[in-house]
Amino acid sequence: MSLIQQLNAPFLYLVCGAIILFIAAVSLFFLIRAYRAGKAIGMDTAKMKRAITASATFTLLPSVGILLGVIALSGSLGTPWPWLRLSVIGALHYETQVATAAAEAVGLNGLSASQMTAKAFSTICLLMSVCIMWGMVLSVIFNQRYLARLSSGGSGGKKSSLAGFGDLAMTAMFIGLICAYLGSYIGGFVSGGGLFSFGGSWIPLAVVAVACLAMAGFLWLYEKKNAVWVESFSIAGSMLIAMAAAVAFGAIG
Amino acid sequence: MTNEQKQAVFEQYNAKTHRYGRIVSVVTLVLLLGAPFVIGRYLGALPDMAAFGRGFLAIGLIWMVSSVAEYLIYTPMLGAGGGYLAFITGNLINMKIPCAVNARDIVGAKAGTPENEIISTLSIATSALTTILVLAAGVALLIPLQPLLQAPALQPAFDNVVPALFGAMAYKYFRRNMDIAILPLLVMSLLFTLVPSLISSTSFMILPSGALAIFLAWWKFKKANAEAAS
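Residue numbers (this note's numbering), protein chains in the order written: chain A, 88 to 340; chain B, 11 to 240.
In case anyone wonders, no lab produced these hints; they're calculated from the structure.
All C-beta atoms, glycine included, are put in the ideal place defined by N, C-alpha and C.
It is possible that part of the hints are untrue.
Claimed, not checked - Now the in silico label distances, taken between C-beta atoms and shown as ranges:
hint: 1; chain 1: A; residue 1: Gly-129; chain 2: B; residue 2: Ala-60; range: 51 to 61 Å
hint: 2; chain 1: B; residue 1: Glu-237; chain 2: A; residue 2: Gly-197; range: 54 to 64 Å
hint: 3; chain 1: B; residue 1: Met-74; chain 2: A; residue 2: Lys-136; range: 33 to 43 Å
hint: 4; chain 1: A; residue 1: Ala-105; chain 2: B; residue 2: Ala-161; range: 29 to 39 Å
Stated by the list, open to error - Below, in silico cross-link-like pairs of lysine to any residue (SDA-like), each with a Cα-Cα straight-line distance of 25 Å or less:
hint: 5; chain 1: A; residue 1: Lys-134; chain 2: B; residue 2: Lys-120
hint: 6; chain 1: B; residue 1: Lys-26; chain 2: B; residue 2: Leu-82
hint: 7; chain 1: B; residue 1: Lys-16; chain 2: A; residue 2: Trp-289
hint: 8; chain 1: B; residue 1: Lys-120; chain 2: A; residue 2: Arg-120
Unchecked claim - Sample of chain A residues at the chain B side, in silico, Cβ under 10 Å:
hint: 9; residue: Ala-96
hint: 10; residue: Ala-124
hint: 11; residue: Ala-127
hint: 12; residue: Leu-155
hint: 13; residue: Leu-171
hint: 14; residue: Ala-189
hint: 15; residue: Leu-198
hint: 16; residue: Ala-200
hint: 17; residue: Ser-209
hint: 18; residue: Gly-270
hint: 19; residue: Tyr-272
hint: 20; residue: Val-297
hint: 21; residue: Leu-308
hint: 22; residue: Met-326
With the hints as constraints, model all of the structure from the sequences given.
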């Protein structure tokens, strides 16, 4: 049996599938608890259902992108391990980078199926797990104290002066996140092929523009035409339109 | 139910969330760290700890710093239940954070309130379950789906999932907060243009970009308060 056949053996599916099943059960448990707690404190169940629907539709398209990550890694690591990594704790942008760096660290010339050995594989798996586990470790140690400290927001006059800023601060942080990514697309286009060469890819910027326009259309329908149903699907719909446009842009450029 | 009773119910829920969150995080850590050894034993080759040590020094420390930054930035956005779940299930920047922010926005929940905590947990749990289902279906149908998903004509669509996501989110959030968004966008664009090598470290650049946006938000908040007072 070749190594890649061993990496796709039913035993590996069993190990990885069992862990994924555990995480699915945990997610379901947290979902049910939150829903019940929401009802107990008098939250509108229709709003909670809208949040669930919107989150499910929102996640569908990026999940297909993540599936591509599984496919990309399955050539060298088999299917079960990338399936586990990208279902639990992992991140699309992280896994490929770390798997490649881990392969180099164990002496391979990159993530190559032809050079992979069983020892290299198990070492790469361990490195991939250890490198990304720190968010979970920090959550276990600090989450309760960190959140308690944030919700207290200082004392006396400081607390009252901070009241109401928390919501704006969260929005601002998210805007900062978006700005960093949009800035990287602009920088990539202007200087990606050499400083001020305008030789980088224009497609991400064009996709951003189409997604903005699509979102503007959905919000117009929601706000001006009272199409309430649109709101839950506006992000997923905008992404779908922008991704379809990316296919057309890809054909042009 | 009075407000005090509601608060008591929520505080009890929150305390249990921390307890359950810690337990499942520790169990998940044990499973994830144990799996390479179980698989290695099955393959007849346990991990090479010397190579692991070298690899960790080469790449692990960088990701450790990144994880600390992610933890500090995202935990306040996610709350208790959402935070534990998001760090267990991953894909924070490209999925869980925008998903939770979008859900919060749709139902109009304010940061730091019990509603925000509940909505964030509902959103991230739903998102995690959806991803697990899509990946499980995808893996089950891998052979018939592979030619379609890997068709060269469709690659630009899958290469641009994140620009499509942030394009849509940008319109939604920038239109009411242009005064907060414009300067970080200009600064980031300039930085990435002048130092293109930073593009590979975009996730690290969220920190200064977010800090600048929060500073501008604070200035806007103070100004609005001063105007209201006068």
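Comparing the hints with the structure gives:
no., hint, result
1, A:Gly-129 <-> B:Ala-60: 51 to 61 Å, "holds, 58 Å"
2, B:Glu-237 <-> A:Gly-197: 54 to 64 Å, "holds, 59 Å"
3, B:Met-74 <-> A:Lys-136: 33 to 43 Å, "holds, 39 Å"
4, A:Ala-105 <-> B:Ala-161: 29 to 39 Å, "holds, 33 Å"
5, A:Lys-134 <-> B:Lys-120, "holds, 14 Å"
6, B:Lys-26 <-> B:Leu-82, "holds, 22 Å"
7, B:Lys-16 <-> A:Trp-289, "violated, 52 Å"
8, B:Lys-120 <-> A:Arg-120, "holds, 20 Å"
9, Ala-96, "holds, 8 Å"
10, Ala-124, "holds, 4 Å"
11, Ala-127, "holds, 5 Å"
12, Leu-155, "holds, 5 Å"
13, Leu-171, "holds, 7 Å"
14, Ala-189, "holds, 5 Å"
15, Leu-198, "violated, 13 Å"
16, Ala-200, "violated, 15 Å"
17, Ser-209, "holds, 3 Å"
18, Gly-270, "holds, 3 Å"
19, Tyr-272, "holds, 6 Å"
20, Val-297, "holds, 7 Å"
21, Leu-308, "violated, 14 Å"
22, Met-326, "holds, 4 Å"
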